[in-house]
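Peer 1: Sequence:
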Amino acid sequence: MEPLFYVMAIMGCADGNVQCTEARIVPTRYQSMAQCRAALPDQLARNTDVPYPMIGAACRTAGAQIAKTDSKLRTL
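Read the sequence shown against my numbering and you will find it ends at 82, with the numbers running on by one and no gaps.
The hints are simulated quantities; they were obtained by calculation from the structure and are not laboratory data. You may find that some hints are simply not true.
Computed beta-carbon distance windows for the label pairs [as the list claims (entries may be wrong)]:
| # | residue 1 | residue 2 | range |
| --- | --- | --- | --- |
| 1 | Asp21 | Gly69 | 28 to 36 Å |
| 2 | Pro57 | Pro9 | 30 to 38 Å |
| 3 | Thr67 | Cys26 | 17 to 25 Å |
| 4 | Gly69 | Leu46 | 16 to 24 Å |
| 5 | Pro59 | Pro9 | 30 to 38 Å |
| 6 | Pro59 | Ile31 | 17 to 25 Å |
| 7 | Pro57 | Leu10 | 31 to 39 Å |
| 8 | Asp21 | Pro47 | 20 to 28 Å |
Please read all numbers here as calculations on a predicted model, not as lab measurements. Glycine is no exception: its CB is placed at the ideal position from the N, C-alpha and C atoms.
Construct the complete structure from the given sequences, taking the supplied hints into account.
Peer 2: Below is the structure:
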């Protein structure tokens with residue numbers, strides 16, 4: 007099972023920062039959401055070649071995730 011990590015998606019947006027679509031995923035993997043967010047300004051500066059009037063970025067989880075169940079829930 008692959009460990010949990012965070013990736014950054016570079017988003018291309020129309021004028022007014024609307025209708026955003028994912029343009030690419032930054033190849034760097036981050037160990038925490040905080041590390042990913044700290045890298046946002048630098049990665050945005052490196053990805054200005056995206057052919058959209060505006061760009062943005064979003065951090066998200068990747069890798070294996072385990073769902074927790076509530077032990078109080080029971081099937082009838």
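Peer 1: Does 28 to 36 Å hold as the CB distance between Asp21 and Gly69, or does it fail?
Peer 2: This hint holds: roughly 35 Å between Cβ atoms.
Peer 1: Using the Cβ atoms, figure out if Pro59 sits within 30 to 38 Å of Pro9.
Peer 2: Holds: the Cβ-Cβ distance is about 37 Å, inside 30 to 38 Å.
Peer 1: Starting from the range 16 to 24 Å, see whether the pair Gly69 and Leu46 falls in it by beta-carbon distance.
Peer 2: Distance hint for Gly69, Leu46 holds at roughly 20 Å.
Peer 1: Quick one: are Pro59 and Ile31 within 17 to 25 Å, going by C-beta?
Peer 2: At roughly 21 Å between Cβ atoms, Ile31 and Pro59 fall inside 17 to 25 Å, so the hint holds.
Peer 1: Holds or violated: 17 to 25 Å for the Cβ distance of Thr67 and Cys26?
Peer 2: holds, 19 Å
Peer 1: Please test the hint of 20 to 28 Å on the beta carbon pair from Asp21 and Pro47.
Peer 2: holds, 22 Å
Peer 1: Could you tell me whether the CB distance from Pro57 to Leu10 stays inside 31 to 39 Å?
Peer 2: Since the Cβ atoms of Pro57 and Leu10 sit about 32 Å apart, the hinted range of 31 to 39 Å holds.
Peer 1: When you take the CB atoms of Pro57 and Pro9, is the distance between them in 30 to 38 Å?
Peer 2: holds, 34 Å
Violated hints are absent here; each numbered hint is respected by the structure.
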